[in-house]
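Using the sequences and the accompanying hints, generate a full structural model.
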Amino acid sequence: MAPIETNTESRTIAVLVDNEPGVLARVIGLFSGRGYNIESLTVTEVDVAHGLSRITVVTSGTAQILEQIKAQLGRLVPVHRVRDLSIEGSSVERELALIKVAGAGDKRVEALRIADIFRARVVDSSHDHFVFEMTGKSDKLDVFVDLMQPLGLIDVSRTGVVAISRGPKAL
Amino acid sequence: MATEQFTGAEIVIKALKDQGVDTVFGYPGGAVLPIYDAIFKQNDIKHILVRQEGGAVHAAEGYARSTGKVGVVLVTSGPGATNAVTGLTDALLDSIPLICLTGQVPTHLIGNDAFQEADTTGITRPCTKHNYLVRDIENLSRTMHEAFYVAQNGRPGPVVIDLPKDVQQGKSETYLAPEEVKHRSYRPKVNGEQEHIKEAVELIANAKRPLFYVGGGVINSGDHASEVLTELVRLTGAPCTTTLMGLGAYPGTDKQFVGMLGMHGTYEANLAMYNCDVMINIGARFDDRITGVISKFSPGSKKIHIDIDASSINKNVMVDLPIVGDAGRVVEEMLRLWKEEKRSIESRALKVWWNEIKEWRSKDCLGYSQEDSIIKPQHAIKRLYELTKDRKPYVTTEVGQHQMWAAQYFHFDEPKKWMTSGGLGTMGYGLPAAVGAQIAHHDDLVIDVSGEASFMMNMQELGTIAQYNLPVKIFIVNNQWMGMVRQWQQLLHGNRHSESYSDALPDFVKLAESFGLVGMRCEKAEDLDRMLQEMIDCPHPVLFDCRVAKEENCYPMIPSGAGHNEMLLGPEDVAEKPISEEGMVLV
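Residue numbers (the working numbering), protein chains in the order written: chain R, 6 to 176; chain D, 204 to 790.
Bear in mind the hints are in silico, worked out from the structure with no lab data behind them.
Hints are not guaranteed to be accurate.
Unchecked claim - Once the Cα atoms are required to be at most 20 Å apart in a straight line, the calculated EDC-like pairs of lysine to aspartate or glutamate come out as:
# : chain 1 : residue 1 : chain 2 : residue 2
1 : D       : Lys385    : R       : Glu25
2 : D       : Lys595    : D       : Glu737
3 : D       : Lys392    : R       : Glu72
4 : D       : Lys244    : D       : Asp221
5 : D       : Lys385    : R       : Asp23
As the list claims (entries may be wrong) - Not everything, but these chain D residues come out facing chain R in the computed CB check (under 7 Å):
#  : residue
6  : Arg328
7  : His333
8  : Val353
9  : Tyr389
10 : Ser514
Idealized CB from N, CA, C, for every residue including glycine.
Rendered as structure tokens:
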């Protein structure tokens with residue numbers, strides 16, 4: 006019998022599902038009911054003609070738990086495909102954030118300067134606020150949000166991770 | 204020419220007929236009246252009226268498990284659906300194919316907290332294999348056939364179809380026949396990887412201490428799976444054990460059968476499991492009742508695991524050779540290779556292994572002594588088996604001590620004869636399950652081995668038995684305790700019997716008679732055989748109150764937190780082996 010592993014790791018899993026009522030509830034219920042972690046979860050329809058939605062879920066656990074998660078996802082009836090983007094070849098991961106910073110004077114100038122360094126775009130502004138839009142890896146967004154904290158950060162909205170494999174093959 | 208129009212209710216009935224359904228178990232109510240009206244107007248499908256929706260689901264389970272077909276349930280919205288939840292969960296855990304049709308308030312009222320409205324698909328999502336809410340009559344026939352496909356294929360399970368009343372009453376020209384419906388995504392893998400099957404054959408052939416460990420998956424796979432499994436086991440000469448759910452998948456009276464394994468399994472089965480060098484798990488799921496504490500579970504064996512559900516593999520126990528596929532198909536291929544390659548296990552090693560097993564068998568772990576006139580519960584069940592075995596009865600049970608004794612003392616040579624709530628452990632399962640089995644097998648002997656506490660949980664179904672004059676034999680092993688609860692209180696809680704006494708019991712004989720059934724009571728060992736025979740010979744339903752020794756406990760037992768090699772063989776072992784702290788928190 007193989008030794009029981011205790012190291013946990015994070016994985017990004019892509020799930021192609023029928024876009025039918027309740028499908029997201031099934032996936033979320035599976036995670037909560039069996040005590041698995043959800044670090045991030047995104048879902049939207051990606052193929053209108055065939056009625057398919059794509060769920061990207063970032064989860065963590067031991068290797069045994071991660072295999073279980075994939076097997077449990079795979080046996081849900083409306084699930085077409087489950088791919089572990091973290092280990093099946095390399096992949097690109099991105100997240101989008103909208104970040105609202107309110108303030109005036111030096112702090113406002115500093116916020117704009119840092120946003121420029123991070124290539125964040127200003128999508129809304131007034132004399133006393135900015136809304137920045139930023140896309141990138143999640144850890145880059147984390148750093149930006151941290152830097153905005155002392156500069157008047159008042160609101161953050163993030164999409165969660167979306168991911169796609171590199172190379173010419175589809176899911 | 205005008206095309207024929209159907210109401211939603213008619214489509215439901217037509218789809219059931221096209222799926223070969225002959226029986227529906229149900230209970231009417233406001234939100235399913237159109238379907239009940241459609242049932243009234245036809246004669247092909249028989250409706251069995253139960254006394255509570257929970258009984259309908261268990262009856263459908265009994266029907267499904269004794270026939271291998273899909274069981275069908277029809278209940279109303281709200282409380283009808285919520286009463287069905289326990290049975291659905293039971294069917295999910297034991298992989299029983301069911302279709303449960305639930306009425307729903309009309310679509311325009313959904314979400315309004317209407318009368319008898321419940322979020323049925325929300326409530327049943329985690330306790331079904333899949334569920335549907337049909338909002339559009341145009342999707343109705345497709346959904347019906349898809350549901351049957353999902354319930355039966357892959358690992359079987361319960362499927363709910365929630366039917367708003369306006370969909371039942373609406374009209375449509377759309378009716379798809381079963382063969383016109385193909386599921387978009389669900390394609391379970393049934394054939395195992397050939398390479399892995401070859402590897403499995405190689406492993407078994409080179410084993411010195413092999414053991415077949417067989418579960419309910421073999422029964423679900425169909426009778427053919429049991430046949431090929433039995434042939435393979437006999438050709439190899441290896442011992443075979445089964446889980447509670449697998450009883451009957453391999454002949455219970457065969458000399459290679461070492462009994463059930465697990466918490467109340469036989470000493471020889473559990474020690475064989477602990478000591479084997481190659482384990483062949485076919486259609487079992489390493490349930491905690493089987494493994495005991497994982498760290499001590501069969502520590503030296505190479506493990507082959509054949510299962511149709513990939514998520515069963517490496518869930519509890521890490522295995523060396525997983526094969527995802529249908530038990531029957533994989534075993535058939537193993538058997539073919541075994542014969543073609545003229546394989547055999549080295550006979551000297553096998554002989555040594557069997558000698559060890561015989562040594563364990565000689566402990567006679569199921570032995571008991573029936574001395575005076577107080578009936579031992581083990582004796583009651585063993586005599587029931589001995590006197591009925593020639594009739595090859597269908598046996599259902601409730602949950603608790605009597606269930607384990609029935610599993611230990613009854614032997615089943617065929618699949619589909621034994622029905623018990625294994626995964627969920629639902630008290631009250633056996634009586635309605637016996638109703639379902641008797642409906643499916645009019646002329647056969649059907650026995651519900653029951654306990655007085657479990658019986659009380661669904662005893663309203665005596666009304667169903669009376670209405671259809673089902674000659675079910677309800678055998679209550681009456682020790683006036685929730686015996687298994689008391690046993691655990693003795694083991695784990697200093698013998699403090701908190702709320703486990705069956706107080707204020709009815710007079711079961713009068714209870715039976717009040718429903719027009721035959722009531723019998725047996726209190727003395729010397730009367731047992733005669734009265735059992737009288738019960739068996741009676742053409743009517745019988746409620747048999749068998750008064751047994753009150754303090755008997757169920758052995759052998761692997762206590763919580765222990766391994767297979769640490770079994771308790773009887774009360775005298777208990778004092779010597781206190782239960783660990785970790786064991787105390789387990790159930």
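Going through the hints against the structure:
no.	hint	verdict
1	Lys385/D x Glu25/R	holds (16 Å)
2	Lys595/D x Glu737/D	holds (17 Å)
3	Lys392/D x Glu72/R	holds (17 Å)
4	Lys244/D x Asp221/D	holds (17 Å)
5	Lys385/D x Asp23/R	holds (14 Å)
6	Arg328	holds (6 Å)
7	His333	holds (4 Å)
8	Val353	holds (6 Å)
9	Tyr389	holds (5 Å)
10	Ser514	holds (4 Å)
In terms of the numbered hints stated before, the structure departs from none.
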